[in-house]
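There are 2 protein chains.
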Amino acid sequence: MKTYLDCLPCFLNQALKTGRIVTSEEKILRKIIDQVMENLINIPLDAPPPKIAQTVYRTIKSITGNEDPYSTIKRKQNEVALGLYPEFKEMVIHSEDQLLFALKLAIGGNIIDLGAQREIKDIKKEILQTLSAPLTINDYKGFRRSINNSKLLLYLGDNAGEIVFDSILIEQLKKIDHLKIVFAVREKPIINDATMEDAKFVGIDKHAEVISNGSDAPATVLSECSTEFSDLFHKADMIIAKGQGNYESLSEENKNIFFLLKVKCPVVASHLNAKVGDTVLKRQSGEIRRPDHGSRC
Amino acid sequence: MKTYLDCLPCFLNQALKTGRIVTSEEKILRKIIDQVMENLINIPLDAPPPKIAQTVYRTIKSITGNEDPYSTIKRKQNEVALGLYPEFKEMVIHSEDQLLFALKLAIGGNIIDLGAQREIKDIKKEILQTLSAPLTINDYKGFRRSINNSKLLLYLGDNAGEIVFDSILIEQLKKIDHLKIVFAVREKPIINDATMEDAKFVGIDKHAEVISNGSDAPATVLSECSTEFSDLFHKADMIIAKGQGNYESLSEENKNIFFLLKVKCPVVASHLNAKVGDTVLKRQSGEIRRPDHGSRC
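Here the protein sequences come in this chain order: A and B.
Using the numbering used here, the first residue of the first sequence is number 1, and each one after it goes up by one.
Using the numbering used here, the first residue of the second sequence is number 1, and each one after it goes up by one.
Hints were generated in silico from the structure; no laboratory data involved.
Treat the hints with care, since some could be wrong.
Copies of the same chain look alike in the list, so a pair counts if it fits in one copy or across any two.
[Stated by the list, open to error] Distance condition first, Cα-Cα at most 27 Å in a straight line; then the derived DSSO-like pairs of lysine-lysine:
| hint | residue 1 | residue 2 |
| --- | --- | --- |
| 1 | K125 | K31 |
| 2 | K2 | K27 |
| 3 | K174 | K17 |
| 4 | K206 | K174 |
| 5 | K17 | K175 |
| 6 | K275 | K264 |
| 7 | K175 | K61 |
| 8 | K125 | K180 |
| 9 | K17 | K180 |
| 10 | K200 | K124 |
| 11 | K27 | K124 |
| 12 | K175 | K188 |
| 13 | K206 | K31 |
| 14 | K200 | K235 |
| 15 | K235 | K17 |
| 16 | K17 | K264 |
| 17 | K180 | K61 |
| 18 | K174 | K200 |
| 19 | K275 | K174 |
| 20 | K125 | K275 |
| 21 | K180 | K76 |
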């Protein structure tokens, strides 16, 4: 998916929000905003939004000298999600279709994004809402067929905290004997995306091999990933891609990908023919959609 | 009120929204966004937001060649509001405190801002909500005292459509024999702000003298206004200033101003110690609040 004009003001808002986590000094925040605007002028929009977001967050890091603005928030998100683990794990065990329930739980967990100030009860409440309603886009049948025919499953993680719910899904998928599961994280901290440290903190490495994708984009921008990761990506029979960033960066890849996400912005909503708030289990379609440069996304 | 960093992404969003009213050509829209970003880099933030907005909208006009992107929308807003006039006028007549009711109606009418796609029933519904609840900030007693002691009242209009409800308030104020009322509009089209053409279209000139403020800012930026207007501003015993733009541009003027508005953005909300959606009848305080450059507004 290409970057849309609507993404540009959004990048500025993200820069301001992230800058404020690091500092309240108006001069530094102004420097960030000005530098981001300078970078955005004339920037080609053919790349997916996370590729441009990468340059935005690098600017913040370089101006503030803070390599991981979200580190405290991420830690809290992991702890909150771990606190919810026993209850949700129990719900999976007692559900009628454990795999579907775990899938919906992993999609619900995608609500833990930048909402740093969210209370625990809100996260729980929102996940419960996802669990109680049908998925808006639902390729579950195709998903079931695909896992039965796959040997190597590559699972692309998204955010800290959320990976606890990915872990519950992986525990379900592990029951399929012929399936080897590899879980991928970002190489370096970027927003609240999960890194190797987060994966180990929540113990996902006990259930799957965990690898880094070699990149600090908040997504899976293949041209930026390590050779090891890219080889695995192309070798995998099936890919689970969590969250908007992975959707934005892989929506045109001709692979057997299942996108699991909650829709959080109007641009992605429009690209998916969905609405903000919708829950998505979407198989990559055979036809790859080409962006229409002449219209609003 | 100074411009806050949060206003910068908002200006980009406004530019995109307004650009799209004029054209769907991606290249032109991109040119607008890039030019606006170029203008915003290093721009001093001491000026109120409408002063910077003025440069944003001038950029859109200059790139698209369209001097009045909102003309069709404004016409529709005037027609919709005129359609609601008889019903609301009747409600004023049958209300217990006609002046207070008309004030609340004028504040409720401030909902007609950029919501170009709003349906008639939504506008009516939102105004009825304002009428049924107490004002959040309420200096009505001071307002009553002030009109009793004033001879010249300058009424600063805001948006097309909304001025129909200003007209109803002016019809109430006209009953006070000693009060001369002058209604001011923008000199040139800017967003959906009311101009002389709009004032005449809705017939407000039948109830008050209507003058232009001589400026194309979406507010009352005194340094930009005509001498005739400025003289009147300083001579007036009392000023009614409608909407956020007039608040932003006059919040530090040492005059007997009553701000009537619905709060529509977090920056103005914070400056007023209020919330988005709040309804405000606020007397300019004796102490003029100086912006705090070190903190988020």
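Now the hints, each set against the structure:
Taking identical chains as interchangeable, the C-alpha atoms of K125 and K31 are never at most 27 Å apart, the minima being 38 Å within one chain and 43 Å between chains. With identical chains, the CA atoms of K2 and K27 are at most 27 Å apart between copies only, with a shortest distance of 15 Å across copies and 32 Å within one. Taking the shortest Cα distances, K174 and K17 never come within 27 Å of each other, neither inside one copy (38 Å) nor across copies (48 Å). Taking the shortest Cα distances, K206 and K174 sit within 27 Å of each other inside one copy (11 Å), while across copies they are farther apart (79 Å).
In the homo-oligomer, the alpha carbons of K17 and K175 never lie at most 27 Å apart, since the shortest distance is 41 Å inside one protomer and 51 Å across protomers. In this homomeric assembly, K275 and K264 come within 27 Å of each other (Cα to Cα) both inside a single copy, at 8 Å, and across copies, at 24 Å. In this assembly of identical chains, the alpha carbons of K175 and K61 never lie at most 27 Å apart, being 42 Å within a copy and 63 Å across copies at closest. Taking CA atoms no more than 27 Å apart as the test, K125 paired with K180 passes in neither setting, with 33 Å inside one copy and 57 Å between copies.
Taking the shortest Cα distances, K17 and K180 never come within 27 Å of each other, neither inside one copy (39 Å) nor across copies (48 Å). Taking CA atoms no more than 27 Å apart as the test, K200 paired with K124 passes inside one copy only; the shortest distance there is 23 Å, against 56 Å between copies. Neither within a single protomer nor between protomers do K27 and K124 lie at most 27 Å apart by alpha-carbon distance, with minima of 38 Å and 44 Å respectively. Taking the closest pair of Cα atoms, K175 and K188 never come within 27 Å of each other, the shortest separation being 31 Å inside a single copy and 70 Å across copies.
Proximity of K206 to K31 under the C-alpha cut-off of 27 Å is found in neither arrangement, the shortest distances being 43 Å within a copy and 51 Å between copies. In this homomeric assembly, K200 and K235 come within 27 Å of each other (Cα to Cα) only inside a single copy, at 25 Å, whereas the closest approach across copies is 71 Å. For the identical chains of this complex, K235 and K17 are neighbours neither inside a copy (38 Å) nor across copies (44 Å), given an alpha-carbon limit of 27 Å. Taking CA atoms no more than 27 Å apart as the test, K17 paired with K264 passes in both settings, with 16 Å inside one copy and 20 Å between copies.
Taking the shortest Cα distances, K180 and K61 never come within 27 Å of each other, neither inside one copy (36 Å) nor across copies (59 Å). Proximity of K174 and K200 under a CA criterion of 27 Å is satisfied intra-copy only: 18 Å inside one chain copy versus 73 Å between copies. For the homomeric pair K275 and K174, neither the shortest alpha-carbon distance inside one copy (32 Å) nor that between copies (49 Å) is at most 27 Å. With identical chains, the CA atoms of K125 and K275 are at most 27 Å apart both within one copy (20 Å) and between copies (25 Å).
In this assembly of identical chains, K180 and K76 lie within 27 Å of each other by CA distance neither inside one copy nor across copies; the values are 30 Å within and 62 Å between.
Hint violations for this structure: numbers 1, 3, 5, 7, 8, 9, 11, 12, 13, 15, 17, 19, 21, all remaining hints satisfied.
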